[in-house]
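K.L.:
Here's the letter readout for the chains.
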Amino acid sequence: MTRISMNVDGMKVTDDVAPRTLLVQYLREGLGKTGTVIGCDTSNCGACTVHLDGDSVKSCNVLAVQADGCEVTTIEGLAATATDSSESGLHPMQEAFRECHGLQCGFCTPGMIMQSVDLIKRNPQPSESEIREGIEGNLCRCTGYHNIVRAVQYASGQLATAADTRGATEEVDAL
Amino acid sequence: MTAVDARPDKSSEIGRDRRRKEDARLITGRTRWTDNINLPGMLHLAMVRSPFAHARITGIDTSGAETSENVVAVLAAKDFDESLGVCINAWPITPDQKAPAHPPVAVDRVTFAGEIVAVVAARSAAAARDAAELVEVDYEELPAVVSLEEAVKDEVLAHPDLGTNKSALWVFDSAEAGTGGSVDEAISTAQNGGIVLERTYRQQRLIPAFMEPRSVVCDPTGEQFTVWSATQIPHILRFAFAATTGVPESKIRVIAPDVGGGFGGKLQQTPEEMIVFAMARRLGKPVKYTETRSESLLAAHHGRDQIQKLTLSATKDGQVTGLKVELDANLGAYVAIVGGGVPVLGAFMFNAIYKFPAYQFNCQTVLTNTTWTDAYRGAGRPEATYAIERLMDELAAEVGVDPLEIREKNWIKHEEFPFTTVAGLTYDSGNYEAATAKAKEMFGYDELRREQAERRANNDPIQLGIGISTFTEMCGLAPSRVLGSLDYGAGGWEHAEVRLTPTGKVEVITGASAHGQGHETAFSQIVADRLGVPFEDVEVLHGDTQIAAKGYDTYGSRSLVVGGEALVRAADKVLEKAKPIAAHLLEASVDDLEFSGGRWAVKGTDQGMAIGELATAVFAAHNLPDGVEANLDSEATFDPDNFNFPHGTHLCAMEVDTETGAVKMRRYICCDDIGNIINPLIVAGQVHGGLVQGIAQALWEDAVYDDAGTLVSGSFVDYLLPTAADTISFEIDHTTSPATTNTLGTKGVGEAGTIASTPAVVNAVVDALRPLGVHDVAMPCTPERVWRAINEGSAGGETTGAAAAHFDPSTGMSGNVDRTEGDAQ
Numbered sequence: 001m002t003r004i005s006m007n008v009d010g011m012k013v014t015d016d017v018a019p020r021t022l023l024v025q026y027l028r029e030g031l032g033k034t035g036t037v038i039g040c041d042t043s044n045c046g047a048c049t050v051h052l053d054g055d056s057v058k059s060c061n062v063l064a065v066q067a068d069g070c071e072v073t074t075i076e077g078l079a080a081t082a083t084d085s086s087e088s089g090l091h092p093m094q095e096a097f098r099e100c101h102g103l104q105c106g107f108c109t110p111g112m113i114m115q116s117v118d119l120i121k122r123n124p125q126p127s128e129s130e131i132r133e134g135i136e137g138n139l140c141r142c143t144g145y146h147n148i149v150r151a152v153q154y155a156s157g158q159l160a161t162a163a164d165t166r167g168a169t170e171e172v173d174a175l
Numbered sequence: 001m002t003a004v005d006a007r008p009d010k011s012s013e014i015g016r017d018r019r020r021k022e023d024a025r026l027i028t029g030r031t032r033w034t035d036n037i038n039l040p041g042m043l044h045l046a047m048v049r050s051p052f053a054h055a056r057i058t059g060i061d062t063s064g065a066e067t068s069e070n071v072v073a074v075l076a077a078k079d080f081d082e083s084l085g086v087c088i089n090a091w092p093i094t095p096d097q098k099a100p101a102h103p104p105v106a107v108d109r110v111t112f113a114g115e116i117v118a119v120v121a122a123r124s125a126a127a128a129r130d131a132a133e134l135v136e137v138d139y140e141e142l143p144a145v146v147s148l149e150e151a152v153k154d155e156v157l158a159h160p161d162l163g164t165n166k167s168a169l170w171v172f173d174s175a176e177a178g179t180g181g182s183v184d185e186a187i188s189t190a191q192n193g194g195i196v197l198e199r200t201y202r203q204q205r206l207i208p209a210f211m212e213p214r215s216v217v218c219d220p221t222g223e224q225f226t227v228w229s230a231t232q233i234p235h236i237l238r239f240a241f242a243a244t245t246g247v248p249e250s251k252i253r254v255i256a257p258d259v260g261g262g263f264g265g266k267l268q269q270t271p272e273e274m275i276v277f278a279m280a281r282r283l284g285k286p287v288k289y290t291e292t293r294s295e296s297l298l299a300a301h302h303g304r305d306q307i308q309k310l311t312l313s314a315t316k317d318g319q320v321t322g323l324k325v326e327l328d329a330n331l332g333a334y335v336a337i338v339g340g341g342v343p344v345l346g347a348f349m350f351n352a353i354y355k356f357p358a359y360q361f362n363c364q365t366v367l368t369n370t371t372w373t374d375a376y377r378g379a380g381r382p383e384a385t386y387a388i389e390r391l392m393d394e395l396a397a398e399v400g401v402d403p404l405e406i407r408e409k410n411w412i413k414h415e416e417f418p419f420t421t422v423a424g425l426t427y428d429s430g431n432y433e434a435a436t437a438k439a440k441e442m443f444g445y446d447e448l449r450r451e452q453a454e455r456r457a458n459n460d461p462i463q464l465g466i467g468i469s470t471f472t473e474m475c476g477l478a479p480s481r482v483l484g485s486l487d488y489g490a491g492g493w494e495h496a497e498v499r500l501t502p503t504g505k506v507e508v509i510t511g512a513s514a515h516g517q518g519h520e521t522a523f524s525q526i527v528a529d530r531l532g533v534p535f536e537d538v539e540v541l542h543g544d545t546q547i548a549a550k551g552y553d554t555y556g557s558r559s560l561v562v563g564g565e566a567l568v569r570a571a572d573k574v575l576e577k578a579k580p581i582a583a584h585l586l587e588a589s590v591d592d593l594e595f596s597g598g599r600w601a602v603k604g605t606d607q608g609m610a611i612g613e614l615a616t617a618v619f620a621a622h623n624l625p626d627g628v629e630a631n632l633d634s635e636a637t638f639d640p641d642n643f644n645f646p647h648g649t650h651l652c653a654m655e656v657d658t659e660t661g662a663v664k665m666r667r668y669i670c671c672d673d674i675g676n677i678i679n680p681l682i683v684a685g686q687v688h689g690g691l692v693q694g695i696a697q698a699l700w701e702d703a704v705y706d707d708a709g710t711l712v713s714g715s716f717v718d719y720l721l722p723t724a725a726d727t728i729s730f731e732i733d734h735t736t737s738p739a740t741t742n743t744l745g746t747k748g749v750g751e752a753g754t755i756a757s758t759p760a761v762v763n764a765v766v767d768a769l770r771p772l773g774v775h776d777v778a779m780p781c782t783p784e785r786v787w788r789a790i791n792e793g794s795a796g797g798e799t800t801g802a803a804a805a806h807f808d809p810s811t812g813m814s815g816n817v818d819r820t821e822g823d824a825q
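One line per chain: the protein sequences are A and B, in this order. Be aware that the first sequence starts at 1, since it is given in the UniProt record's numbering, and climbs by one per residue. Be aware that the second sequence starts at 1, since it is given in the UniProt record's numbering, and climbs by one per residue.
Each hint can be trusted.
Pair ranges (Cβ atoms, derived):
1) A/Gln125 <-> B/Pro783: 30 to 36 Å
2) B/Glu536 <-> A/Glu133: 34 to 40 Å
3) B/Glu447 <-> A/Thr83: 46 to 52 Å
4) B/Glu447 <-> A/Ser127: 22 to 28 Å
5) A/Asn123 <-> B/Ala434: 40 to 46 Å
6) A/Thr42 <-> B/Gln546: 36 to 42 Å
7) B/Glu415 <-> A/Ser127: 43 to 49 Å
8) A/Thr83 <-> B/Lys603: 53 to 59 Å
9) A/Thr83 <-> B/Ala437: 48 to 54 Å
10) A/Glu71 <-> B/Gln546: 39 to 45 Å
11) B/Glu536 <-> A/Arg20: 43 to 49 Å
12) B/His414 <-> A/Thr83: 55 to 61 Å
Some chain A residues close to chain B (C-beta under 10 Å, calculated; not the full set):
13) Arg20
14) Arg28
15) Gly35
16) Cys40
17) Thr42
18) Arg98
19) Gly102
20) Ile113
Simulated coverage check for chain A against chain B, where a stretch passes if three residues somewhere in it have a Cβ under 8 Å from a Cβ of chain B:
21) 43-56
22) 136-149
Worth flagging that the hints you see were computed from the coordinates, not collected in a lab. Note that the Cβ used here is the ideal one computed from N, Cα and C, for glycine as well.
Given the sequences, and given the hints that come with them, work out the whole structure.
P.N.:
In structure tokens form, the structure reads like this:
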């Protein structure tokens, strides 16, 4: 067992963990942070994406001991990190996913939102192709990505209303 | 008390872009996935799975695992008693269907790679998985049969004791059914001066690949079993547990909490669920099993996997006179819960939107040493739609006209509805002309055809293809009597309850359990509209058999059209029940009352009472009419008298690099007719997701086995789910021909995009290459297959080796392609 300490969603935690424990296992099983989910065992789906010291990582790809001394933000702590959380108490990206119907079953959603927040942080006004490339490590089976892309555009101020997510879209620059 | 002024006008909810109620928990990670459930003393299971597709089990040594740290039990088949049960086959399509008994844990022989041979229970999931590695199983490998082509030869048998791989033969003949003429006569007539097209298409095997892996928890408390499962079918599952274990339904509570996608893939009583139930019962402790993604791809059921041999006869100018379908469907190692019947559903859709005068469908289901197949988004209908929409393009090419012209020539005209098809279905409403006209305009059809002609004339290495799919489907499964006539083991009705609470809020209970479709939102809109109460005041409860005691769950685009209508009827019953009470309290005659905006008013006066006020008065029950029950609750069960038939026109533009075989989607538009729409935002999401799932079949997804029966595409590294970077945004719109089989006028939408998009994409790829002599590209249209189709004249891959043999030389479309000749066309 190895002793680790980290700050998770604003809460300081110290625990003894088996060295092989993945960060996602520690979050889910050790801390009960079940908002972060596991969708695959090959690091392909991105459902477990969290922020480690502010950058998005797939938490199935990080050992808990590697996060020792780090700041970890999960979907459950995301709203608190936003300087411009809305009245609803949501992070603007969470608002955007709801506004644009960027989710259906919602299983990929925590990872997708965490990845999208990181994307906007690095590139505040991404083009459609930059959004598509920015989230290609996160798989979604329900939305066809159409409304997820729109949600990111909405969060970045490039889209006015959810009605834009329904049908006609502007010229697709990805192609 | 509800403020009258705040109440929406009647119908203000229908057709409104409501943001989803579900999202609040899903976007904040406060979600109830089954794998999030942890109970005191809970044990975790790991499965020991066969690496071989077909082998005799000659010994199992569990001693190493049993003595492993934190392990509580290790069991093989011999260690379970009869309470484990046998997996259900609920759709025996013929009385003599061959269906081997399917034990959840293999007894002495494994029949597909991934089949469970032993189970480990431990105090942690990690300990269970570690110990599972220590179970030593001795296998004596047997010859395995994997492909349909090999299986139908009966040389190698998936189940040697059956003596054949052929499970059942199901036939529909329009001449015998009295719905049309004789196909053989139509073909023989066409052989003299008409057109006879023979084509063979392959529906590759697909994996539903819901994002949430399957997970199940069983808590045996006293005599009561509470089961949480990531399932589409909590009600059917409860029935199945009762039927397979002997524990009565009253002692089984099944909860489908938040469920992360299904697409038909969570429509089983799975072996894993049966094992968890049996282990919880045996050990007297809560038990959980959550599969890994690799296990999911390997052992949760697969879909499609059919070979369709088609013979179409037509007049010289393209009027279809008959269609004959000979279909082989790979069931895998066992006949799944409805897997045997999935291709039969397709039987009714091969004639699609067309007025075929003669039709014959011969379906042979076949067993192999592969994972069992069952319903996958669309279930039978995508396969049929693909075949006929590809074939209509081939007919257009043969006649030398635009593919839309061939369709117009053969489709059912708007004024002909209702129309009974050659397959015996009566389409109640539809307007193919309107949807197609709108789609053409959205797409800029004529302009793209002009660009295509220019590229062809210029021998542009990047050719443009335009793909068309004018699809229809039967959805809203029900009607029960029809399902019964097909030997389907269950009904198709749906149940609903509407209850007014003392504070005037509304509790809605539905048997249609959701897994991402937004039932809580759409159903709230329906009930808010019907009762005239605020959307926010409606709470929809579902997915728990102790709350929603009756139901048939969610599949086949049935929730809204069957479950939604049940809600309407339950809500109307509440109003009927309330009206005399309102009259009594208002001291007016029932005939003098009018109901509007959630309020009963006495005609010609300002006297009235809101539904919420009435609910409070009924709760208090101080002053009710004699003989009236003190509640405003009602329930209804709805069983429609017909399916409903969404349709639409989908148009796709693909750019195909004739030098590398690479394909790129340029534009995709669709105009669907799904009748009246409750929530356009949700509908759009369903369409987008469906489109990508169908496009993925056309371009990327393929569950590949090697000759030994090992699943090569056994992880997300190899099984290519599309990413955001692979796909494009869509333009979607609608025309509206309300369904006549429910008062909402709605039709299903969940499967439409998937059904329609696959042929649209492949038609576009083939259309781009037709001047090069290419008339087929096998799915998925990988660059290699496209390149081979261009350069070798086949359909581009090993998977259509069988198909090539069926091509009719008389069409002039077989044989090697002469690039020079092709370029000159």
